[in-house]
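Q: Spelled out from the first residue to the last, the chains are:
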Amino acid sequence: MRQTGSTRIELAVDPILFQSMDAALPDELAAPDDELFIRRAFEQDARLGCELLFRRYYDTLCSHAVRFVSSRAIAEDLVAEIFCQFYAEKVFQTITVSYRAYLYKTVRHRAYNYLRQTIRRDTGLEEAQYQGVSAAQQPDAIAQYEELYQDVERAIQTLPIQRRRIYLLHHFDGKKYAEIADELGLSTRTVEVQIRRASHHLRDLLKDKWFIGMLWVITGYIS
Amino acid sequence: MNEHINKQRLFDYFAGKSTALEKKQIDEWSREPAHQEQFYHWLDEWEQAHRQFTTNLPVTFSRYHDFLYAEQSAATNLSTAEETPFRSIRPFGRRTWLLWAVAASVTLLVGLFAFRDQLLTRTYETAYGETRVVNLPDGSAVTLNSNSSLQIPRFSFGKQWLDIPWFGSPTRQVGLTGEALFSVTHTTTNQRFVVNTANAEVVVLGTEFTVFARPRGTKVVLNRGKVEVHYQQPDRQSRQVTMKPGDLLSLTPKGELTHQQMQQPPANPAWTEHRFVFDKTPLTEIVAILAENYGLTAEIADAETGQMTISGAYSAKTADELLRIIAEVLNIDIDRKSDKLILTQKLLQ
Numbered sequence: 046m047r048q049t050g051s052t053r054i055e056l057a058v059d060p061i062l063f064q065s066m067d068a069a070l071p072d073e074l075a076a077p078d079d080e081l082f083i084r085r086a087f088e089q090d091a092r093l094g095c096e097l098l099f100r101r102y103y104d105t106l107c108s109h110a111v112r113f114v115s116s117r118a119i120a121e122d123l124v125a126e127i128f129c130q131f132y133a134e135k136v137f138q139t140i141t142v143s144y145r146a147y148l149y150k151t152v153r154h155r156a157y158n159y160l161r162q163t164i165r166r167d168t169g170l171e172e173a174q175y176q177g178v179s180a181a182q183q184p185d186a187i188a189q190y191e192e193l194y195q196d197v198e199r200a201i202q203t204l205p206i207q208r209r210r211i212y213l214l215h216h217f218d219g220k221k222y223a224e225i226a227d228e229l230g231l232s233t234r235t236v237e238v239q240i241r242r243a244s245h246h247l248r249d250l251l252k253d254k255w256f257i258g259m260l261w262v263i264t265g266y267i268s
Numbered sequence: 039m040n041e042h043i044n045k046q047r048l049f050d051y052f053a054g055k056s057t058a059l060e061k062k063q064i065d066e067w068s069r070e071p072a073h074q075e076q077f078y079h080w081l082d083e084w085e086q087a088h089r090q091f092t093t094n095l096p097v098t099f100s101r102y103h104d105f106l107y108a109e110q111s112a113a114t115n116l117s118t119a120e121e122t123p124f125r126s127i128r129p130f131g132r133r134t135w136l137l138w139a140v141a142a143s144v145t146l147l148v149g150l151f152a153f154r155d156q157l158l159t160r161t162y163e164t165a166y167g168e169t170r171v172v173n174l175p176d177g178s179a180v181t182l183n184s185n186s187s188l189q190i191p192r193f194s195f196g197k198q199w200l201d202i203p204w205f206g207s208p209t210r211q212v213g214l215t216g217e218a219l220f221s222v223t224h225t226t227t228n229q230r231f232v233v234n235t236a237n238a239e240v241v242v243l244g245t246e247f248t249v250f251a252r253p254r255g256t257k258v259v260l261n262r263g264k265v266e267v268h269y270q271q272p273d274r275q276s277r278q279v280t281m282k283p284g285d286l287l288s289l290t291p292k293g294e295l296t297h298q299q300m301q302q303p304p305a306n307p308a309w310t311e312h313r314f315v316f317d318k319t320p321l322t323e324i325v326a327i328l329a330e331n332y333g334l335t336a337e338i339a340d341a342e343t344g345q346m347t348i349s350g351a352y353s354a355k356t357a358d359e360l361l362r363i364i365a366e367v368l369n370i371d372i373d374r375k376s377d378k379l380i381l382t383q384k385l386l387q
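Chains A and B are the protein sequences, given in the same order.
Throughout the first sequence, residue numbering follows this note's numbering, covering 46 to 268 in sequence.
Throughout the second sequence, residue numbering follows this note's numbering, covering 39 to 387 in sequence.
Bear in mind the hints are in silico, worked out from the structure with no lab data behind them.
Any given hint might turn out to be false.
What the hints assert, rightly or not - From the structure, some residues in chain A lie toward chain B, with a derived Cβ separation under 10 angstroms:
{"id": "1", "residue": "Tyr102"}
{"id": "2", "residue": "Asp104"}
{"id": "3", "residue": "His109"}
{"id": "4", "residue": "Tyr132"}
{"id": "5", "residue": "Ile187"}
{"id": "6", "residue": "Glu191"}
Unchecked claim - Just so you have them, the derived chain A footprint on chain B, three or more residues with Cβ under 8 angstroms:
{"id": "7", "segment": "52 to 65"}
{"id": "8", "segment": "210 to 224"}
Backbone N, C-alpha and C fix where the C-beta goes; we use that ideal spot for every residue, glycine too.
Take the sequences, apply the hints, and build the full model.
A: Right, here's the structure in full:
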């Protein structure tokens with residue numbers, strides 16, 4: 046852990062105020078220790094630290110996750126799970142980077158794995174998801190994740206407008222086929238077909254570039 | 039070059055507005071552990087400014103709070119939390135990919151087997167009243183009479199180096215139903231040419247001959263050269279006959295053979311020029327010819343009429359022309375009732 050300051054006054058500082066002070070600093074200097082306050086809280090009580098962390102990052106992490114998984118329910122589940130583990134497995138004691146770096150990094154990994162699993166599951170190899178994800182199968186640079194969520198975004202953008210609307214209602218908002226059919230005055234069957242086509246389209250666009258590693262799984266499975 | 043990396047650059051990058059070159063620079067820059075903190079710091083700032091949606095923070099926070107302060111049930115909570123990301127939505131239908139692949143291959147194999155004849159042989163067919171010349175890869179020519187079909191192996195015709203069932207044979211094999219004139223070229227390797235019909239095999243070296251293979255029997259007329267005919271007798275013994283030019287060989291469906299010498303072997307069968315040559319041909323045979331060449335069903339009113347014969351060479355391109363000629367020559371009435379023709383003798387006035 047980093048060397049901590051000697052004063053207790055910071056505990057009384059409002060996180061929001063702290064944030065704005067931080068923003069006023071030059072960017073290069075701002076990075077090092079704007080989490081000092083939360084770290085102090087962890088020293089006092091891990092629960093308190095977790096709560097502060099949750100309040101501070103839950104929203105933005107969800108926003109980041111949804112760029113990959115395009116479903117708000119899944120994004121929220123993903124982030125909530127990370128916070129639960131953060132406390133239950135005492136991750137806060139072992140990390141060597143900032144909380145922020147850890148949380149974002151983990152969200153991106155999990156979102157990537159989720160995408161991969163759904164695409165793989167669609168390929169029908171249920172066994173595949175029980176195989177561990179090795180580090181080698183992850184994007185090798187942090188900057189590659191941006192490219193991935195931008196590809197997801199672009200893939201959704203290329204859907205025909207009506208199909209995209211139906212897809213987002215179903216995936217992003219988590220609405221049932223029947224609800225969407227009611228809302229748009231379509232038949233449930235149409236909604237179903239549109240969603241299936243959209244899913245296939247997205248899968249086809251993403252599969253080759255990002256999840257080609259699963260070919261190994263398929264060939265290994267046959268032979 | 040890393041000095042160029044600033045907040046604006048990264049914001050553009052997060053928004054997907056960077057060029058490939060800029061991406062590469064940022065990628066290199068972000069590999070350094072010291073820069074990673076900076077990277078996530080800006081990423082967080084950017085997400086704050088560009089939220090995709092707003093969560094119901096009070097509700098989720100109180101749930102998290104409950105989780106934190108319910109130590110004893112923490113384990114169970116966590117385990118359900120672990121499952122949630124993959125439970126709520128199933129974006130793509132589960133398909134058993136492998137099963138489909140197996141099913142498809144089996145279907146393909148069965149299909150290949152069921153259609154092996156269509157795949158391995160090429161069939162030339164003529165419609166009623168149509169004649170057609172087919173040139174074979176070895177230079178031989180086959181003239182098909184109407185309502186006939188010729189089967190030629192698609193891949194293995196005359197390929198001597200292949201001797202695998204369906205794929206090749208050292209002879210040139212063709213199949214015939216109907217009637218055809220063969221002009222067979224002689225190959226330097228003395229390769230045999232075999233015409234397979236329902237009940238006989240005509241084996242040739244190089245010659246010209248006509249094969250007639252229809253339900254009422256098989257006939258072979260040899261114009262030039264020498265052919266062998268292999269056939270099965272009624273007692274199922276296989277026999278062979280060697281023909282000389284001008285020979286006419288007739289074989290009933292049961293395998294009874296008649297071998298006769300024609301006085302004047304024609305250069306070409308009449309039908310190749312849409313001619314019909316009759317020599318005391320009874321009306322009953324004319325009825326058979328009508329059925330074979332034009333698919334017409336004809337009925338003779340009485341046995342006496344059936345005994346009438348016709349002789350001479352007539353030119354007719356269509357069934358109607360032929361019928362008119364027959365009606366005139368024999369002085370009979372031909373009534374057409376839908377698909378059926380009724381032949382009756384004209385009443386004397």
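Q: Next step is simple, just say for each hint if it's right about the structure.
A: Here is what the structure says about each hint:
1. Tyr102: Holds: closest Cβ of chain B sits about 7 angstroms from Tyr102 (chain A), inside 10 angstroms.
2. Asp104: 6 angstroms, holds
3. His109: For His109 (chain A), the interface hint holds, since the closest Cβ of chain B sits about 5 angstroms away, which is under 10 angstroms.
4. Tyr132: Constraint on Tyr132 (chain A) satisfied, holds at 6 angstroms.
5. Ile187: 5 angstroms, holds
6. Glu191: Nearest chain B Cβ about 6 angstroms off; hint holds.
7. 52 to 65: holds (count 5)
8. 210 to 224: With 0 residues in contact (Cβ-Cβ under 8 angstroms with chain A), the coverage given for the segment 210 to 224 of chain B is violated.
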